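Participant: Given next are the chains, with one letter for each unit.
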Amino acid sequence: MIRVEDLEKHFGPLHVLRGISLEVQKGEVLVIIGPSGSGKSTLLRCINLLIEPDSGRVFLDGVQVNRRDIRPEWVRQQVGMVFQSFNLFAHLTALENVTLGPIRVLGNDPKVAEAEGRKLLARVGLADKWNVYPAQLSGGQQQRVAIARALAMNPKAMLFDEPTSALDPEYIREVLDVMAALARDGMTMIVVTHEMGFAGTVAKRILFMDAGRIIEEGSPEEIFQHPQQERTRTFVGKILR
Amino acid sequence: MAAIVATPTRSSSFPLGLSRFAIRGAEMALGAVLFIILLEYVLQFDALDPVLWNLYLPVFLSGIVTTLRYLGIILPLSAAIGFAVGWARISRLRTISWPLTVYVDFFRGVPPIIIVIFAGILGPSLLPSRFRSEEIGILIGAVALALHSGAYQSEIFRAGFMSVPRGQLEAAQSLGMTRGKAMAYVVLPQALRLSIPPLSNEFAVVVKDTSLLAIIGAFDLFGSSNIFTAQVLLTPGNQLSWIFVVWTGVALVYFLMTFSLTELLNAIDRRYHVKGLEAVTV
Numbered sequence: 108m109i110r111v112e113d114l115e116k117h118f119g120p121l122h123v124l125r126g127i128s129l130e131v132q133k134g135e136v137l138v139i140i141g142p143s144g145s146g147k148s149t150l151l152r153c154i155n156l157l158i159e160p161d162s163g164r165v166f167l168d169g170v171q172v173n174r175r176d177i178r179p180e181w182v183r184q185q186v187g188m189v190f191q192s193f194n195l196f197a198h199l200t201a202l203e204n205v206t207l208g209p210i211r212v213l214g215n216d217p218k219v220a221e222a223e224g225r226k227l228l229a230r231v232g233l234a235d236k237w238n239v240y241p242a243q244l245s246g247g248q249q250q251r252v253a254i255a256r257a258l259a260m261n262p263k264a265m266l267f268d269e270p271t272s273a274l275d276p277e278y279i280r281e282v283l284d285v286m287a288a289l290a291r292d293g294m295t296m297i298v299v300t301h302e303m304g305f306a307g308t309v310a311k312r313i314l315f316m317d318a319g320r321i322i323e324e325g326s327p328e329e330i331f332q333h334p335q336q337e338r339t340r341t342f343v344g345k346i347l348r
Numbered sequence: 176m177a178a179i180v181a182t183p184t185r186s187s188s189f190p191l192g193l194s195r196f197a198i199r200g201a202e203m204a205l206g207a208v209l210f211i212i213l214l215e216y217v218l219q220f221d222a223l224d225p226v227l228w229n230l231y232l233p234v235f236l237s238g239i240v241t242t243l244r245y246l247g248i249i250l251p252l253s254a255a256i257g258f259a260v261g262w263a264r265i266s267r268l269r270t271i272s273w274p275l276t277v278y279v280d281f282f283r284g285v286p287p288i289i290i291v292i293f294a295g296i297l298g299p300s301l302l303p304s305r306f307r308s309e310e311i312g313i314l315i316g317a318v319a320l321a322l323h324s325g326a327y328q329s330e331i332f333r334a335g336f337m338s339v340p341r342g343q344l345e346a347a348q349s350l351g352m353t354r355g356k357a358m359a360y361v362v363l364p365q366a367l368r369l370s371i372p373p374l375s376n377e378f379a380v381v382v383k384d385t386s387l388l389a390i391i392g393a394f395d396l397f398g399s400s401n402i403f404t405a406q407v408l409l410t411p412g413n414q415l416s417w418i419f420v421v422w423t424g425v426a427l428v429y430f431l432m433t434f435s436l437t438e439l440l441n442a443i444d445r446r447y448h449v450k451g452l453e454a455v456t457v
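Chains A and B are the protein sequences, given in the same order.
If you count the first sequence from 1, you need to add 107 to reach this note's numbering.
If you count the second sequence from 1, you need to add 175 to reach this note's numbering.
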């Protein structure tokens, strides 16, 4: 579904990604962990081409998509993204947030988009909040609307960039539950998170990144119980405590 | 611009806005009545002296029309300039950003009255001789005032654009929107909302700055009334109280123009107000 080969990215003097390769199968959930500044967010943004990689290849469904002749917008509309800071459109209601993409990008009929949008809001447990502005929602609710907004584009895969890091502890569970349900429904997902419970139960594979490189990759048990690399051991030791 | 802002809103704040408007109107009417009582009975001026108004009314009315005509040029032009320059300065077009910074600094740093004098005197001399006239000079002066206010407004719009968190653009792009669509549907509606309150402040200044055109010979409300009062002074046995009445009338009209304009922008602000939007920090 998603394949990345030898991805390199510099920001000025910073070498953020140093040859990243990975592959995610259809319906698979991949969790990426690693200290901050290790390039996890940049990697996600390179996959949906929000950031253009310096070199390397990104494949979606076997097609290389970081090419001059493929518009990055076309790639982004097929890969949903959920942000750490939600980034809901502040001037639009929950429902309008969810329908904006289908109406303005896919050109769907507003009536149809609204019906679909209401279904998606129900799916994330917010059917009654359709007419509410983001600022009136809790962080957990905002993030669930953001997930619905990404799903509205009917994406082939979803990228989650630390979706629960900005949440108060009492709202984390509801967002993780929505994500777990999504995984059960067969969504292909790449999730940057430090929620070890989620990683352990939902992900088949965990990837540890540090300083722009993939240090270690394995099942949750391999990474959490028997890490091979010293750096993985140190990091996992810190977050599991 | 307005078409972009006009996203459907469910709030029914317009009737409420109108009733607010009515309340403010009543306040003002009361104020005007008290003011006339002050003039008539306390200061013993005859504000409605028919001899005065017979002479002054045509001057007064044509002055109002002329001022409104200049405003009709200056307000839209300055807003268009301000919007375009504000946008250009946040855009990635670094090459045009620098000269625009010079433009903004220049027009903010020079007194508008000097800008008007230069525009009115030097402007026409740059034109072919058959186009040269006093009216053209005043028109160029009006354009100069628009450039002056445009410099201020560009900073208002620029601040509006910069107050929209970067994540908004990123989220729009992540849905597959082009930069243009993201701007039109996500960034602009938020930036313009944030720009309205300071814009209404600036428009209030523009209304009164039109009076500066009198210095290059415009027969606007201020200019024509100025000439009228000068004639009153030169008339033997002059009525000094007329001068107070004239300037009171002129001030009242400027006040009404400013007030209506700012109330209109306030109504637009309320119409597009989003609950808690100003509290959003990401």
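Worth double-checking, as some hints may not be accurate.
[Claimed, not checked] Simulated pairs of lysine to any residue, SDA-like, Cα-Cα distance not exceeding 25 Å:
#1 Lys356(B) / Ile158(A)
#2 Lys356(B) / Ala222(A)
#3 Lys383(B) / Trp237(A)
#4 Lys236(A) / Arg354(B)
#5 Lys356(B) / Ser143(A)
#6 Lys236(A) / Thr437(B)
#7 Lys356(B) / Ser192(A)
#8 Lys218(A) / Phe430(B)
#9 Lys263(A) / Arg446(B)
#10 Lys356(B) / Lys133(A)
#11 Lys356(B) / Lys311(A)
#12 Lys356(B) / Ala242(A)
#13 Lys356(B) / Gln332(A)
#14 Lys133(A) / Ala242(A)
#15 Lys356(B) / Glu159(A)
#16 Lys356(B) / Arg178(A)
#17 Lys356(B) / Arg225(A)
#18 Lys263(A) / Gly342(B)
#19 Lys236(A) / Thr353(B)
#20 Lys218(A) / Ala359(B)
#21 Lys218(A) / Thr353(B)
#22 Lys356(B) / Gln185(A)
#23 Lys356(B) / Asp176(A)
#24 Lys356(B) / Gly307(A)
#25 Lys356(B) / Arg152(A)
#26 Lys218(A) / Met358(B)
#27 Lys218(A) / Leu415(B)
#28 Lys356(B) / Ile210(A)
#29 Lys263(A) / Arg354(B)
[Unchecked claim] Short, incomplete list of chain B residues facing chain A, as computed with Cβ under 10 Å:
#30 Ala197
#31 Gly200
#32 Gly206
#33 Val208
#34 Leu297
#35 Ser300
#36 Arg307
#37 Pro340
#38 Ser349
#39 Lys356
#40 Tyr360
Because the hints were derived from the structure by calculation, they are not lab data.
For clarity, every value in this text was computed on a predicted model and none was experimentally measured.
Each residue gets a CB set at the ideal place from its N, CA and C atoms; glycine is no exception.
Participant: Confirm or reject each hint.
Facilitator: Comparing the hints with the structure gives:
1. Lys356(B) / Ile158(A): holds (18 Å)
2. Lys356(B) / Ala222(A): holds (23 Å)
3. Lys383(B) / Trp237(A): violated (46 Å)
4. Lys236(A) / Arg354(B): Given that 25 Å is the threshold and the Cα spacing comes to 29 Å, the pair is violated.
5. Lys356(B) / Ser143(A): This hinted pair is violated, its Cα atoms lying about 32 Å apart.
6. Lys236(A) / Thr437(B): violated (34 Å)
7. Lys356(B) / Ser192(A): Roughly 22 Å separates the two Cα atoms, so the pair holds.
8. Lys218(A) / Phe430(B): At roughly 47 Å apart (the allowed maximum being 25 Å), Phe430(B) and Lys218(A) break the hint.
9. Lys263(A) / Arg446(B): violated (39 Å)
10. Lys356(B) / Lys133(A): violated (31 Å)
11. Lys356(B) / Lys311(A): Violated. Lys356(B) to Lys311(A) sits at ~38 Å, over the 25 Å cutoff.
12. Lys356(B) / Ala242(A): holds (23 Å)
13. Lys356(B) / Gln332(A): Violated. Lys356(B) to Gln332(A) sits at ~48 Å, over the 25 Å cutoff.
14. Lys133(A) / Ala242(A): Roughly 35 Å between the alpha carbons, so the hint for Lys133(A) and Ala242(A) is violated.
15. Lys356(B) / Glu159(A): Given pair Lys356(B), Glu159(A) holds - Cα atoms ~20 Å apart, limit 25 Å.
16. Lys356(B) / Arg178(A): holds (15 Å)
17. Lys356(B) / Arg225(A): holds (24 Å)
18. Lys263(A) / Gly342(B): Holds - the C-alpha atoms of Gly342(B) and Lys263(A) are around 22 Å apart, at most 25 Å.
19. Lys236(A) / Thr353(B): It is violated: about 28 Å lies between the C-alpha atoms, which goes past 25 Å.
20. Lys218(A) / Ala359(B): Cα-Cα ~21 Å, so holds.
21. Lys218(A) / Thr353(B): holds (23 Å)
22. Lys356(B) / Gln185(A): Given that 25 Å is the threshold and the Cα spacing comes to 17 Å, the pair holds.
23. Lys356(B) / Asp176(A): Between Lys356(B) and Asp176(A) the Cα gap is close to 20 Å, so the pair holds against 25 Å.
24. Lys356(B) / Gly307(A): With Cα atoms ~40 Å apart, Lys356(B) and Gly307(A) exceed 25 Å; violated.
25. Lys356(B) / Arg152(A): holds (20 Å)
26. Lys218(A) / Met358(B): holds (24 Å)
27. Lys218(A) / Leu415(B): violated (70 Å)
28. Lys356(B) / Ile210(A): This hinted pair holds, its Cα atoms lying about 12 Å apart.
29. Lys263(A) / Arg354(B): holds (22 Å)
30. Ala197: violated (28 Å)
31. Gly200: Where the cut-off is 10 Å and the nearest Cβ of chain A is about 30 Å from Gly200(B), the hint is violated.
32. Gly206: Cβ of Gly206(B) sits 36 Å from chain A, so the hint is violated.
33. Val208: violated (42 Å)
34. Leu297: It is violated, given that the least Cβ distance between Leu297(B) and chain A is near 45 Å, above 10 Å.
35. Ser300: Nearest chain A Cβ about 49 Å off; hint violated.
36. Arg307: Hint violated; Arg307(B) Cβ to chain A Cβ min 49 Å, cut 10 Å.
37. Pro340: Nearest chain A Cβ about 7 Å off; hint holds.
38. Ser349: holds (4 Å)
39. Lys356: This hint holds: Lys356(B) lies near chain A, its Cβ roughly 6 Å from the closest one there, short of 10 Å.
40. Tyr360: holds (6 Å)
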